[in-house]
Amino acid sequence: EVQLMETGGGLVQPGKSLKLTCATSGFTFSTAWMNWVRQSPEKGLEWIARIKPKSTNYATEYAESVKGRFTISRDDSKSSIYLQMNSLKEEDTATYYCTRGGGWGQGVMVTVSS
Amino acid sequence: DVVMTQTPPSLSVAIGQSVSISCKSSQSLVYSDGKTYLHWLLQSPGRSPKRLIYQVSNLGSGVPDRFSGTGSQKDFTLKISRVEAEDLGVYYCAQTTHFPNTFGAGTKLELK
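Residue numbers (the numbering used here), protein chains in the order written: chain A, 1 to 114; chain B, 1 to 112.
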């Protein structure tokens, strides 16, 4: 069974940083394309980042809204991906989901507020 | 970015009724490999989204055949035959043909 579990969310002040982790199991992680998608009442569902497998030199892609501030990474030995979020803004407030193909994690809430 | 327009925004249905949801994209969703990467998701209340249908018409694992997807190019439809209580929630279409991937705004299915 495919499982994806996000951790690391919380309340953070604008301009600060936060790192999310997505631990996975139940599929061949090393060859998987992994994504982060976020959801907020204001913007709905928004794809924000993707990391491809080692065969692509771990190529990454980002939405314009987070490019230069967020960094996606992966550790194949731990079947996990990460999202380092820097220079957070109030508009980054959302539930963040880790996704792979048709599978979604349960999500983790990030609130950016002073 | 490709804009995904879903209609209607909400639907009020009775159990056993059949319903259809439309999704139109601002560009063709046919990829260079000939496949169309249009998918349907359901987000049940308090839950994360779950993919129901992938590539227009393929049912996800464990998805009942009351669900069906049709369409091509820029015009797609999700049909639910004989709605059951567990089908209530928000339905989203999503495209992964073009970068960046984009989602519709959702159609909320409620009980009449």
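The hints are simulated quantities; they were obtained by calculation from the structure and are not laboratory data. Treat the hints with care, as some may be off.
Said to hold, decoys possible - Some chain A residues flagged as far from chain B (calculated, every beta-carbon gap over 10 Å): (1) Val-12; (2) Ala-23; (3) Asn-35; (4) Lys-52; (5) Lys-54; (6) Ala-59; (7) Tyr-82; (8) Thr-111.
As the list claims (entries may be wrong) - Dumping the calculated DSSO-like pairs for lysine-lysine here, alpha-carbon to alpha-carbon at most 30 Å: (9) Lys-43(A) / Lys-74(B); (10) Lys-112(B) / Lys-67(A); (11) Lys-35(B) / Lys-112(B); (12) Lys-67(A) / Lys-50(B); (13) Lys-50(B) / Lys-43(A); (14) Lys-24(B) / Lys-108(B); (15) Lys-108(B) / Lys-43(A); (16) Lys-112(B) / Lys-52(A); (17) Lys-24(B) / Lys-74(B).
In this text, all values refer to a predicted model and were calculated from it rather than measured experimentally. Cβ atoms here follow ideal geometry from the backbone N, Cα and C, with glycine treated the same way.
Which numbered hints fail
3, 10, 11, 16
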